[in-house]
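**Student:** This is what each chain is made of:
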Amino acid sequence: MLQEHIVRSFDQALDGLRRTIMEMGGLAENQIESAIQAVVRRDTGLAGEVVRLDSRLDEYEDAVDTGAVRLLALRQPVAADLREIVSALKIAADLERVGDYAANIAKRAMTLSQAPPGLRPVSGIPRMGRRVQANFKDVLDAYAERDVARALDAWSRDGEVDDLYTSLFRETLTYMLEDPRNITPCTHLLFIAKNLERIGDHATNIAETIHYLVDGRPIRMSRPKGDLSSFDIDAPSRGEEIEE
Amino acid sequence: MTANVAEDMMTETDATDTPTSPAEQETLAKKMVARDVDVFYGAKQALKKITIDIFENEVLSLIGPSGCGKSTFLRCLNRMNDTIDICRVNGDITLDEQNIYDPALDVVQLRARVGMVFQKPNPFPKSIHDNIAYGPKIHGMTRHKDELDQIVQTSLEKAGLWNEVKDRLAEPGTGLSGGQQQRLCIARAIAVSPEVILMDEPCSALDPIATAIIEELIDELRQNYTIVIVTHNMQQAARVSQKTAFFHLGDMAEHGPTDEIFTNPRDNRTQGYITGRYG
Numbered sequence: 001m002l003q004e005h006i007v008r009s010f011d012q013a014l015d016g017l018r019r020t021i022m023e024m025g026g027l028a029e030n031q032i033e034s035a036i037q038a039v040v041r042r043d044t045g046l047a048g049e050v051v052r053l054d055s056r057l058d059e060y061e062d063a064v065d066t067g068a069v070r071l072l073a074l075r076q077p078v079a080a081d082l083r084e085i086v087s088a089l090k091i092a093a094d095l096e097r098v099g100d101y102a103a104n105i106a107k108r109a110m111t112l113s114q115a116p117p118g119l120r121p122v123s124g125i126p127r128m129g130r131r132v133q134a135n136f137k138d139v140l141d142a143y144a145e146r147d148v149a150r151a152l153d154a155w156s157r158d159g160e161v162d163d164l165y166t167s168l169f170r171e172t173l174t175y176m177l178e179d180p181r182n183i184t185p186c187t188h189l190l191f192i193a194k195n196l197e198r199i200g201d202h203a204t205n206i207a208e209t210i211h212y213l214v215d216g217r218p219i220r221m222s223r224p225k226g227d228l229s230s231f232d233i234d235a236p237s238r239g240e241e242i243e244e
Numbered sequence: 001m002t003a004n005v006a007e008d009m010m011t012e013t014d015a016t017d018t019p020t021s022p023a024e025q026e027t028l029a030k031k032m033v034a035r036d037v038d039v040f041y042g043a044k045q046a047l048k049k050i051t052i053d054i055f056e057n058e059v060l061s062l063i064g065p066s067g068c069g070k071s072t073f074l075r076c077l078n079r080m081n082d083t084i085d086i087c088r089v090n091g092d093i094t095l096d097e098q099n100i101y102d103p104a105l106d107v108v109q110l111r112a113r114v115g116m117v118f119q120k121p122n123p124f125p126k127s128i129h130d131n132i133a134y135g136p137k138i139h140g141m142t143r144h145k146d147e148l149d150q151i152v153q154t155s156l157e158k159a160g161l162w163n164e165v166k167d168r169l170a171e172p173g174t175g176l177s178g179g180q181q182q183r184l185c186i187a188r189a190i191a192v193s194p195e196v197i198l199m200d201e202p203c204s205a206l207d208p209i210a211t212a213i214i215e216e217l218i219d220e221l222r223q224n225y226t227i228v229i230v231t232h233n234m235q236q237a238a239r240v241s242q243k244t245a246f247f248h249l250g251d252m253a254e255h256g257p258t259d260e261i262f263t264n265p266r267d268n269r270t271q272g273y274i275t276g277r278y279g
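Here the protein sequences line up with chains P and A, keeping their order. First residue of the first sequence? That's 1 in the numbering used here, and the numbers climb one at a time after it. First residue of the second sequence? That's 1 in the numbering used here, and the numbers climb one at a time after it.
To be clear, the hints were calculated from the coordinates, so they are not data collected in a lab. We treat Cβ as the ideally placed atom computed from N, Cα and C, and that holds for glycine. It is possible that part of the hints are untrue.
One-sided excerpt, in silico: chain A residues whose CB lies under 8 Å from chain P [as the list claims (entries may be wrong)]: (1) A205; (2) M234; (3) Q235; (4) N264.
Make the full structure from the sequences, and use the hints.
**Tutor:** Right, here's the structure in full:
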C-alpha cells in the first residue's frame with residue numbers, strides 16, 4: 001500500500017472518492033438483487049422500488065464526476081493518484097449503466113407480472129443472476145482490496161454468463177415457437193437475460209479498470225466471449241427442444 | 001485454473017514492457033552516453049554508478065529531491081565539476097562517442113559544444129548585443145562585424161527574443177525582465193553553436209507566462225539541439241521532456257519515457273516523490 005501524501009487533504013479527497021465508488025457499487029449490487037427478486041416473485045412493489053432508486057445511482061455518478069474533475073484540476077495528479085481518479089470515473093460510469101439495466105429488468109418484471117404465471121424459462125433468470133451477481137460482487141471486493149488476481153478471476157468467468165444467456169435465448173425461442181401467446185412474455189424474459197448479460201460485461205469492464213488501476217497497464221488479452229446467440233439465425237433444432 | 005490465468009496474464013503484460021518501442025528508439029542517435037558514473041566530493045559519494053543514454057533531439061529531464069545528485073550529474077556533462085577542487089568523477093561520459101574526460105580534450109571547446117543555462121538569469125553587465133557576441137568572439141568564430149551581427153540576430157531569434165529587443169541592442173542586458181534575461185542567456189548559449197544545452201532549473205525564478213515561453217522555446221530548440229534539464233517542477237518535467245530520470249540519494253532510481261514515469265512509475269521512490277508522498 002502506498003504511503004500517505006504530505007498534503008493530507010489530498011488523501012482525504014481520494015479516500016472520499018474511493019468510498020463513494022464502494023457505496024455506489026453496494027447500491028448497484030442491491031438493485032440487481034431486487035430486480036431479479038421482482039422478476040421471480042412477481043413483486044411489482046419491489047420492482048417500483050428499484051426503478052425509484054435508480055436516480056440515486058445517477059446522483060452518485062455526478063458526485064464521482066464532480067469530485068474527480070475537481071481533483072484533476074486542483075492537484076494535477078500523476079502516477080497511481082492519476083490512475084485512481086481516472087479509474088473512479090470509469091467505474092462510476094459502469095455502475096451507472098448497471099443501474100440502468102437493473103431498472104430495466106424491474107420495469108419488465110412489472111409487465112411480466114401481468115402475464116399468467118408459470119412460464120418455464122423464468123427459472124433460468126435467477127441462475128444467471130446468481131452468476132452475474134457473484135462476478136459483480138467479486139470485482140467490487142477486488143476494487144476495495146486492490147486485488148488484481150480476484151478481478152481477473154471474475155473477468156475470466158464472464159464467458160460462463162454468456163453461455164447461460166445463449167442457452168436461455170434458445171430456450172425462450174423454443175417456447176415462442178410452441179405457442180405464439182408466449183411471445184410477449186418470452187421477449188421480456190429475453191431482454192431481462194440480455195440485461196443481466198450486459199451487467200456481466202460491465203463487471204468485466206470494472207475488472208479491467210482495476211487491472212489498470214493497480215498495475216498501470218491494460219489487460220493485454222481479449223475478453224472471454226461466450227455469447228453466440230448473435231449468430232443464431234434459425235430456431236433451435238428439434239433435438240434441443242424441451243420435453244413435455 | 002483462475003490463479004493460473006491471472007498469472008499468465010501478468011507475465012504476458014510484463015513481456016511487452018519496453019520503455020520505448022524499438023522502432024522509435026532506432027531513429028534517434030545517442031548524443032551523450034554515461035556509463036557507471038561515480039562522483040565524489042572528497043570522501044562523500046554524490047553519485048553512484050549512473051548509466052544513461054541521452055538521445056539527440058530529445059529533452060531529458062532530471063528530477064529528484066534536493067541533494068539527490070541531479071545537478072551534480074548535469075554538471076558532469078560539460079565538466080563544470082572540474083571547477084570544484086575536491087570533486088572526483090569516475091566512469092565514462094562520451095559526446096558523440098568521444099570521452100569528454102580525455103585529458104587531451106579541450107574543456108573550453110567542450111563547453112562550447114555543451115552549453116549551459118543556469119537557475120538565475122546571469123547576463124553579463126554588458127549590452128544585449130555584447131552578451132551574445134562575447135562567446136562567438138572569444139571562440140574566434142568570426143572576424144567580421146556583419147557576420148557577428150548576424151549571429152547575434154539569429155541567436156536572439158532562436159531564443160524568441162529578437163522582436164522584443166531588436167531596437168535596443170545597445171542597452172544593458174541586466175535591464176531586461178527576468179524571463180527576457182533568461183532567454184538572453186539561452187541566446188548566449190546558442191550563439192556558440194552548441195550541440196547539447198544543459199539547463200539547471202531555468203524557470204524557477206520566472207512567472208508562469210515567462211515559464212510557458214521558455215517551455216515553448218525548449219520544445220522548439222529540441223529540433224536542433226539535445227537538451228538536458230534539471231527541474232523541481234514535476235509538471236514542467238512532464239510537459240517539456242521526452243525522457244525523465246529520477247535521482248534519489250545519489251542513485252538513478254528510474255529512467256524512461258516521461259509519459260510512463262508519470263503514469264506508471266516502476267520504482268516506489270519515484271512514485272512517492274512525484275505524487276507528493278513521504279519518500
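**Student:** Evaluate each hint against the coordinates.
**Tutor:** Consistency of the hints with the structure:
With a least beta-carbon distance of about 21 Å to chain P, the hint placing A205 (chain A) at the interface is violated under the 8 Å criterion. Checking M234 (chain A) against chain P by beta carbon gives a least distance of about 7 Å; that is within 8 Å, so the hint holds. Given hint, Q235 (chain A) at the interface with chain P, holds; its Cβ is 6 Å from that chain's nearest Cβ, closer than 8 Å. Nearest Cβ of chain P to the Cβ of N264 (chain A): about 3 Å, under the 8 Å cut. The hint holds.
In summary, the structure is inconsistent with hint 1 from the numbered list given earlier, while agreeing with all the others.
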